[in-house]
Amino acid sequence: MDKPKILIVDDDANLRRALKIRLRANHYDTVQASDGYSAIAVAQKEQPNLIILDLGLPAGDGFVVLERLRDSDALSSIPVIVLTARDPQSNKQQTLQAGATAFFQKPVDNSELLAVIRESLPSPWQGTALPS
Amino acid sequence: MNNGPTVLLIEDNPGDADLVRLRLVEGDSAVNVSCVTRLADGLASMAKEPPSVVLLDLNLPDSRGADTFRKVLESAPGVPVVILSGQDDVALAMKALHQGVQDYLVKGDITSNHLERAMRYAIERQALLRSLEMSRQQQLEFKNQFLSHVSHELRTPLTCIHQFVTILMDGLAGDLNPEQHDHLGTVLNSVHQLQAMIRDLLEATRAESGKIRIEPRCIAINDLIQQATSMMSPTAKDKQVGLGIRLDSRIPFVYADPDRVLQILINLIDNAIKFTPPEGSVLVKTYTVDADPNMAYLSISDTGSGISPEAKALIFERLYQDPHSVDHNRTGLGLGLFIAKELVELHSGRIWVASEIGDGSTFSFTLPLYSLAKLLFPVITYEGRLRDSIVLIKVELTPLSNPPRTNWKDICQQAIGTLRRCIYLDKDLLLPVMGNTETSDTSFVAASTNLELAEVMMKRIREQLEANAGFKTAGVLRVSATAVQLPSRDDGKSLEELVQAVAEQVTEMARLSLAVHNIPQDANGRVSTVGN
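Chains as they are written, first to last, in my numbering: chain E, 1 to 132; chain B, 1 to 532.
These aren't lab readings, by the way, just hints derived from the structure by calculation. Take the hints with a grain of salt, since some may be wrong.
With a Cα cut of at most 20 Å, we get these calculated EDC-like pairs of lysine to aspartate or glutamate [unchecked claim]:
#1 E:20 x E:2
#2 B:472 x E:71
#3 B:274 x B:238
#4 B:107 x B:175
#5 B:71 x B:12
#6 B:143 x E:87
#7 E:20 x B:170
#8 B:143 x B:133
#9 B:472 x E:73
#10 B:472 x E:87
#11 B:409 x E:87
#12 B:285 x B:248
#13 B:409 x E:2
#14 E:20 x B:89
#15 B:409 x E:71
#16 B:211 x E:87
#17 B:107 x B:89
#18 B:472 x E:2
#19 B:409 x E:67
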């Protein structure tokens with residue numbers, strides 16, 4: 001079975017690099033995008049199994065990306081985990097309403113993030129406890 | 001008509017009124033004077049069209065003394081008020097000025113120049129005050145926006161530090177020796193402190209601009225206290241401070257936001273531990289007070305150094321830190337008690353402190369006791385009597401997996417949001433969720449007054465919850481409805497008693513099992529556990 005592929009969308013290159021190290025260590029493949037526009041392009045080309053999405057992005061913020069994903073037949077079933085510095089009080093409900101699976105405020109606890117990734121992945125990998 | 005200031009003269013003595021008019025005309029200023037003899041008429045006139053200035057006699061047929069200006073200031077806070085009094089009472093004049101009156105003139109002393117000048121200055125001073133108040137508001141708004149922006153911007157680099165420190169600590173970039181691991185642990189601790197400060201900063205900003213929302217529900221307060229003390233017991237142990245609880249098991253449930261109450265408790269307990277020397281102790285209590293039957297009382301006492309009377313007066317203010325406090329290397333921004341106070345007040349509770357220097361401190365606060373009857377009252381009564389029947393709609397969410405997914409709590413939270421949009425505010429009621437956190441098998445109950453509406457509501461609930469992708473993959477939904485016939489005869493019972501009876505019936509029917517928590521009790525029905 002192939003490793004699950006995760007798309008990391010964040011405009012902070014350092015954070016993308018850190019998440020890549022963390023996710024690869026947990027046996028995930030990663031691809032990256034740094035803005036809203038390329039997020040959709042990369043998602044179409046790479047067909048990731050899960051997306052980690054920042055909200056404050058250039059060229060189409062996280063809400064625009066969520067909307068574009070939901071409108072696309074090919075991408076609408078990909079689970080999206082929002083990871084943002086923004087305040088949960090004014091953004092959490094909105095992102096969940098817009099179709100995100102989970103909302104985390106930065107900095108995130110790694111074990112919580114990994115648990116939600118495991119649970120959100122579609123069927124072949126669903127719930128499997130990956131060796132860490 | 002002319003464009004001069006409009007003057008409202010409230011004066012019941014015709015002779016005095018004429019004299020004032022005469023003085024105003026003599027002054028040759030273009031003023032429009034209207035005169036009323038009763039306070040009620042004056043207030044009505046101000047409500048219709050606020051004048052430039054009010055000239056006010058204090059002793060009127062329908063109001064006397066300080067009451068008169070108090071009522072005028074209350075009903076038209078922006079309008080300048082000049083008192084024209086028969087007697088030269090300095091104490092009363094000072095009182096009036098302190099409450100916002102612009103001037104206090106003695107009728108016998110008034111010349112036309114004098115009166116005209118007093119009016120003009122009163123109008124100017126009032127305008128100045130208004131613009132000062134406006135710019136103060138604006139600055140507050142700017143400051144709050146700035147702080148909110150700053151705390152957001154600080155999170156980005158902090159996240160980066162957090163991520164790379166944990167990468168190093170988890171050995172993802174090679175093995176570390178124990179000393180290196182230890183040093184990084186210190187960095188991580190500092191990251192957590194910084195994170196807590198950013199959170200407090202944002203929270204205090206929000207509190208100040210009234211943007212904190214609470215989601216009250218029916219919670220077992222004693223369970224919540226046990227949760228808080230078990231979270232804080234490592235901190236207490238580190239400092240060798242005893243942490244005990246004494247709970248009144250008769251307190252059933254309170255109506256409050258569990259996350260917020262936990263935040264208040266942790267805040268107060270953390271403070272208490274911080275200010276208690278090793279070998280001292282902290283005690284958390286719940287109790288009720290006969291004179292205040294609708295509230296639950298909570299208190300956190302410590303055996304610390306106590307608080308000076310000066311500090312006591314300021315301790316709930318934003319940013320206040322006691323300069324004489326014994327603990328000089330403590331962390332935090334001094335926002336904790338300010339946030340706690342705001343949160344308690346959002347629950348309609350009170351918070352206060354009792355303390356003597358050298359004799360410890362006790363912080364106490366109150367929370368409203370949960371009363372289903374109070375919530376049901378507006379829904380099930382109609383023109384002073386009970387409705388014929390209501391419909392209970394039960395929405396059950398069962399998670400697909402056991403244990404449920406990590407984000408199950410979020411999914412339930414979302415479901416509550418959806419349900420809230422499915423009800424008509426004046427005819428339906430979403431009963432508060434029972435319990436401190438959503439259990440794995442979550443039920444929500446809504447009450448509706450009308451069977452047809454209830455059917456529409458059920459259909460909407462089903463459609464909207466089923467449309468939610470997150471929910472569909474995590475749980476199963478069941479929606480059912482039961483009609484409840486309300487008692488038609490009153491048997492001499494008061495409406496309140498009837499509503500109470502219905503509330504008990506509804507509780508029973510909804511099987512909102514109010515399981516009394518299993519806490520060991522001593523002979524007096526009190527509970528005493530935890531400690532060092």
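- Which hint numbers does the structure go against, in order from smallest to largest? 4, 10, 13, 14, 15, 18, 19
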